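Protein chains: 6
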Amino acid sequence: MFDYAFGRDLDRLIRISLDEDLPAHDVTTLALGVGDRPAEAALLAKQACTISGLAVARRVFAIVDPGVSFEGRWRDGMSVPSGTELAVIAGRADSLLAAERTALNLLQRLAGIATATRRLVDAVADLPCIVLDTRKTTPGWRLLEKAAVRDGGGVNHRFSLSDGVLIKDNHVRLAGGVRAAVTAVRSRTLPGTRIEVEAGTLAEVAAAIEAGADVVLLDNADPALARQAVQLTAGRAILELSGGITAANARAMAESGADCLSSGALTHSAPAIDISLEFR
Amino acid sequence: MFDYAFGRDLDRLIRISLDEDLPAHDVTTLALGVGDRPAEAALLAKQACTISGLAVARRVFAIVDPGVSFEGRWRDGMSVPSGTELAVIAGRADSLLAAERTALNLLQRLAGIATATRRLVDAVADLPCIVLDTRKTTPGWRLLEKAAVRDGGGVNHRFSLSDGVLIKDNHVRLAGGVRAAVTAVRSRTLPGTRIEVEAGTLAEVAAAIEAGADVVLLDNADPALARQAVQLTAGRAILELSGGITAANARAMAESGADCLSSGALTHSAPAIDISLEFR
Amino acid sequence: MFDYAFGRDLDRLIRISLDEDLPAHDVTTLALGVGDRPAEAALLAKQACTISGLAVARRVFAIVDPGVSFEGRWRDGMSVPSGTELAVIAGRADSLLAAERTALNLLQRLAGIATATRRLVDAVADLPCIVLDTRKTTPGWRLLEKAAVRDGGGVNHRFSLSDGVLIKDNHVRLAGGVRAAVTAVRSRTLPGTRIEVEAGTLAEVAAAIEAGADVVLLDNADPALARQAVQLTAGRAILELSGGITAANARAMAESGADCLSSGALTHSAPAIDISLEFR
Amino acid sequence: MFDYAFGRDLDRLIRISLDEDLPAHDVTTLALGVGDRPAEAALLAKQACTISGLAVARRVFAIVDPGVSFEGRWRDGMSVPSGTELAVIAGRADSLLAAERTALNLLQRLAGIATATRRLVDAVADLPCIVLDTRKTTPGWRLLEKAAVRDGGGVNHRFSLSDGVLIKDNHVRLAGGVRAAVTAVRSRTLPGTRIEVEAGTLAEVAAAIEAGADVVLLDNADPALARQAVQLTAGRAILELSGGITAANARAMAESGADCLSSGALTHSAPAIDISLEFR
Amino acid sequence: MFDYAFGRDLDRLIRISLDEDLPAHDVTTLALGVGDRPAEAALLAKQACTISGLAVARRVFAIVDPGVSFEGRWRDGMSVPSGTELAVIAGRADSLLAAERTALNLLQRLAGIATATRRLVDAVADLPCIVLDTRKTTPGWRLLEKAAVRDGGGVNHRFSLSDGVLIKDNHVRLAGGVRAAVTAVRSRTLPGTRIEVEAGTLAEVAAAIEAGADVVLLDNADPALARQAVQLTAGRAILELSGGITAANARAMAESGADCLSSGALTHSAPAIDISLEFR
Amino acid sequence: MFDYAFGRDLDRLIRISLDEDLPAHDVTTLALGVGDRPAEAALLAKQACTISGLAVARRVFAIVDPGVSFEGRWRDGMSVPSGTELAVIAGRADSLLAAERTALNLLQRLAGIATATRRLVDAVADLPCIVLDTRKTTPGWRLLEKAAVRDGGGVNHRFSLSDGVLIKDNHVRLAGGVRAAVTAVRSRTLPGTRIEVEAGTLAEVAAAIEAGADVVLLDNADPALARQAVQLTAGRAILELSGGITAANARAMAESGADCLSSGALTHSAPAIDISLEFR
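Protein chains in written order, with our numbering: chain L, 5 to 284; chain F, 5 to 284; chain V, 5 to 284; chain W, 5 to 284; chain B, 5 to 284; chain E, 5 to 284.
Just so you know, the hints here were simulated from the structure itself, not pulled from any lab data.
The structure presented is a predicted model; accordingly, all values stated were derived computationally and were not measured.
Heads up, a few of these hints could be off.
One copy or any two copies: either way a pair holds, since identical chains are not told apart in the list.
Stated by the list, open to error - Cut-off 20 angstroms, straight-line C-alpha distance, at most; resulting in silico cross-link-like pairs (EDC-like, lysine to aspartate or glutamate):
| id | residue 1 | residue 2 |
| --- | --- | --- |
| 1 | LYS50 | GLU214 |
| 2 | LYS172 | ASP278 |
| 3 | LYS140 | GLU214 |
| 4 | LYS50 | ASP167 |
| 5 | LYS172 | ASP15 |
| 6 | LYS140 | ASP130 |
| 7 | LYS172 | GLU44 |
| 8 | LYS172 | GLU282 |
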């Protein structure tokens, strides 16, 4: 997929990162006086991981210095063992040193998200249940982190408040009930709009379905409650489980028969993968 | 400290986050038709944590709608138990809903960093050893994350490649040895410039000190090696330990007598704190 | 609805407009030497119209000079006769003169769109058929023009390529048929996603419905074909008519029983309303 | 003419338009999964028109994807019959689909302006009278729309409040009379500055000339009044007619002997030309 | 004069300057730990000068901290002796220290320009000759430096390549002679456009006048040649002298009877005035 | 040194300058109608100077028109006699004319700074004393002007308030004495941070050294006082002299034995070098 929006957001993030890291010069390298020496370095994964952000790292070097070559050895979405050389980079020493930290800071985080997603997806791989992300992304990184989720085998939930209706408990309270909320939203949106409603109990699941929700988001359920919700729903709506989904409990949750599991931790708490730039 | 730079970077990050989350309208709330209702909500910490980002969250609501009131109950840097109400926020329902996710995404991450830092700092509190951060920060967030480290009791290492000399192994290799590197840097920087040199072995520690380093950064040491490095240094340079510092091993590392521990995980892998916005 | 996104896009457009109109000074007023005189002026509609953009005009004056007062007499969405004073504005003469052209250029266009929409909406007012806009908006103005459509009683179709699926003939051709296209899209989007499919003939309408389209967009139909499409659809999908909808033919089209009429001319060819700023 | 300013303003407008249309991905094409297929399409004029904006459309495709080829068949300023292929475009299908709407929205409007201008210019082609535009342009589009006027054979009036003196009735009132206004402006501007004065009556025309105006702008005249103004002026000033100029009355107005006709409708109300992108 | 454009350009320059000076914190003041102490300071002119930029300095403090008070004692355009307190500023110590350098860097340069202009203007004060600036301004500062010239009693020449015609020797060469150049420009510009032509010799002055120039710019003349040019021109065009104008030779040049003297050195080489911020 | 930050700041400054100079078209060249003629021109130094900004000028032409060729004959940092051709530039006439003023405005100023620095550096060339700049740079130009200082043989003092500690008299007053100030700063900064303290008298020099300053900045000394300060310091700190350093007194100051001379006039008051673009 050619992707103008991804490229635009990526370039903005890279430039901000370089602005932070290089308000003026790299004083160490400038003072050393050997910045124009040719250098070669490898991006080395020091942990097993699912790759994401390799294309992102490539762009960092290109922005810092179009003369740097970047030969990717693998592709985003692949899972590799510890010790894998992800890419080989060659160019002026000072260009490599100026780009290093920004490239790694991006890459380590995105690989962390893809790896965490892959773990969740693999846990439910043989079940008819998909893994979704949330809007709990890092400000400035939404398109990048959602791409990392796709690289890990996940599916993206909505990208913003503008591209999907999700009626939460706060909305229900404001509207005076779930029926009133769904009715109001139906009357003011494009005919056929997908309406998702959050529920915390079986009663709320039932109310949401009766009000005409297309999708019910059941929050903070355990597997037992999830199974009951699946029975109650009986195919009249899509059922999504959210809240506290981990690699440990994902399978049990998915075995309830729910259609989707969504997890905020994929993007807000996945630990960074240890990746370094090794000069030769 | 009045802080123009922090405010500038914060506003940029908030606006980018709102751009991502609101390319057009909040379609749910707009269609509900009750966005102008007055609402009140509390920021609730659902885990014990050290607070950071409360001032940041306040600014999110102010940018979305200057008419929203934000009454902070605690201050950045304080440690609070689970269940603590951090702030009470009142205003139009649609303004609160539009700002919610951006405020939480910022706050949860910064509190995560402050909490992780506090844990490390407390582990070495009675020793003459300080806890430092690194440049392994989230692109776009450097000033914010470094403030979170201070909120957790840490001290900031350099903010960018422009404000401090750190001669790493790659520089040494380029320069043809640590002595050549230190000499070159001394000759092209302002007299009196602080020079830090990375070392991986005792021999490199010795070479760095002999070359005139003010600070030696010993990477990936264990406590035993750290103790030897302290003895070898004998006060002729400041000694900083880095690499794999955790809450579990920090005390043993600090007991070596080193002056500083620096940790990248504080900023790249601290898990987010669970904080929610609860409407009343 | 409090609306961060609208305000952001509006301010951007106003600043660009002022940049174009005031690269340096207003040379006439500066040379006149009487710019600080107090002045009062009225925004006067010289044609009957449905108002839109009055809040927009207010913002122009506020950006040029926060000291200018702007007293709106009517509100966006109201229909007024020729000769109506829309607002009274008071402040320094030079501020009023600097803002005048930008305010009018915005207001005249938005009122034109609201007026054209109102005409279409009124033509079908007693029928169960709504009037939709399109993405044929003026670059830089999308949120503003879509708000003008709402001010005229219309409903907004999708805001961007990111917030709704519309499978056009080009997509069908790429995918190798409408069934393949719908299947592919279903498999890669969030469960429950609304899928709209463009059709040019009754056969294509039938194929779209059989492929599982939620909405069928019938392009360039006349009332007779529209009636046949309604019969064929028989409530299995929502039916939208598009292409060449005018105030003259809208009623006949809607009487077919279709659910929606969409019109690009509302935003790309509505003539500007004559509005002037009259000093007193 | 190589034109840095035009390119700068164009790129800004294109990027804003793409931001509006692609806050995230083109969800339809992404989900279809065939975006990397090669495609070819033609820009097809579905009405006779004078072309403007072809170079603009070329730039849209280049910004979305530098790998797209764009072979223009005609040039801005040429008049073509309905059915003319304006350009042939080839590249990845998703790139063409992402750029399509932005390119058409720009091109349709600019061709509309050039076509309307050409009609007015042709109506007075054999008379010593030129057709001028105004500052009633679309915010964000001034250089583009003024280029479209030139493509239609018109001449540009001032580009901004900063590059020409035009004393309007409001200025006269503030200054206490036309003589005072012209004197004040002469005294504070570069010697030799061109001064244009607006007039609504023959008396005001006379006063403007006596005050030393270089150009008189007679507003809202009919042909009879225009003829009287020409006689009165007798070559002592340049005479420009404005207000309500249409293709229908332009010739009669120009036959008065006035030097210029200026029309705001050229830029604020010219209907868009129907142009589409047809895939092959 | 209320002046949107000046404020816009000023704010941009201040923010760029603060970005340069405060990529992160003011480390000295932050480490000192007493930044919130109230402080008061005076802007003190340590040389006699004509003030310009006082309103600019006020804006710097307001951007850094809206809580700072700034009490101007004099106004831009006034001439004051050495030792004059220009303003008294009070607020948090850290705010004053953060704004100090940016405010002074702007103020010292603008006062330098106003002072240099005032000297030139005073030298020819009783002669019918005005002092003009040029486009030889500091990139980023044009509106500010041209305002400083007005504060010193000068008159502004054109602000950009877009707001005035000046046919230089290069244009003449390209066009194949001055007559051809003037004719071409007349035929493609708005009727009545002011045309200025550069000349280096009396022959070129004569040719420019015959070609219909409104203004002749005689470059690098001495007083004798200037007098001859005045005689030759005989009021048929405005005569401007440029090149090497100094406070020393300005009077002799003006006594030639020329209408204007223009000087690039006013903006590119005026020495900064010594102004400091003295804390109490 | 490859230098991302310099390129970024340079491009920003060039674009701002072109925005100022070309809000719309170059009206003269556009009206002339011969802008596409090929042209060649030389950058000619009309005074002896040390070159700086040649790479900067090259970038101006590249931004205006990538098709322009720029053949530099010399390099930044070289000293050349009057009459030297610095570069030969070829391309479309209108591109050269559009870029001319911006390129010259940048180049003339930077060459002025390098030339002034070179004069100071040469005056002390055989003494162990280096020439430093200050933060008294032109807002928007800091990296460029500091590079010009290096081109003239000078050494850069700190680039911003963020990359070096300098305790000035105001800080001392706020902290309640120099010892308290140094102690506070040591306690809150990275161990080993370079601390510079401003002093106005020998007593203050002594106090600064006793408080542990690494560098003492003695302000406004004459050579006699400077000698006394050197004796007093006796190598315990680095000694920098500042205030009123000129080419005339620099040698006498340096002969005191001080380590550094710093001069603000290098950047705020160096007269521009006369350089012109001569068409052939």
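(message) One pair to classify: LYS140 and ASP130, alpha carbons no more than 20 angstroms apart. Within, between, both, or neither?
(response) neither (27 angstroms within a copy, 38 angstroms between copies)
(message) When Cα atoms must be at most 20 angstroms apart, do LYS172 and GLU44 count as within-copy, between-copy, both, or neither?
(response) between (52 angstroms within a copy, 16 angstroms between copies)
(request) Go through the copies and call it for LYS172 and GLU282: within, between, both or neither, with a Cα cutoff of 20 angstroms. (result) between (48 angstroms within a copy, 12 angstroms between copies)
(request) Please work out whether the CA atoms of LYS50 and GLU214 approach to 20 angstroms or closer within one copy, between two copies, in both situations, or in neither? (result) neither (52 angstroms within a copy, 32 angstroms between copies)
(message) Cα distance capped at 20 angstroms. Does LYS172 pair with ASP15 within a copy, between copies, both, or neither?
(response) Classified as neither: same-chain Cα gap 34 angstroms, cross-chain 28 angstroms, threshold 20 angstroms.
(request) Measure nothing new, just compare the shortest in-copy and cross-copy C-alpha distances for LYS140 and GLU214 to 20 angstroms and report within, between, both or neither. (result) Neither: 29 angstroms inside a chain and 37 angstroms across chains, both beyond 20 angstroms.
(request) Check LYS172 against ASP278 for me: Cα-Cα at most 20 angstroms, and say if that holds within a copy, between copies, both or neither. (result) between (37 angstroms within a copy, 18 angstroms between copies)
(message) As a check of your reading, is LYS50 near ASP167 (CA-CA no more than 20 angstroms) within one copy, between copies, both or neither?
(response) neither (38 angstroms within a copy, 29 angstroms between copies)
Of the hints listed earlier, those the structure fails to meet are numbers 1, 3, 4, 5 and 6, in rising order.
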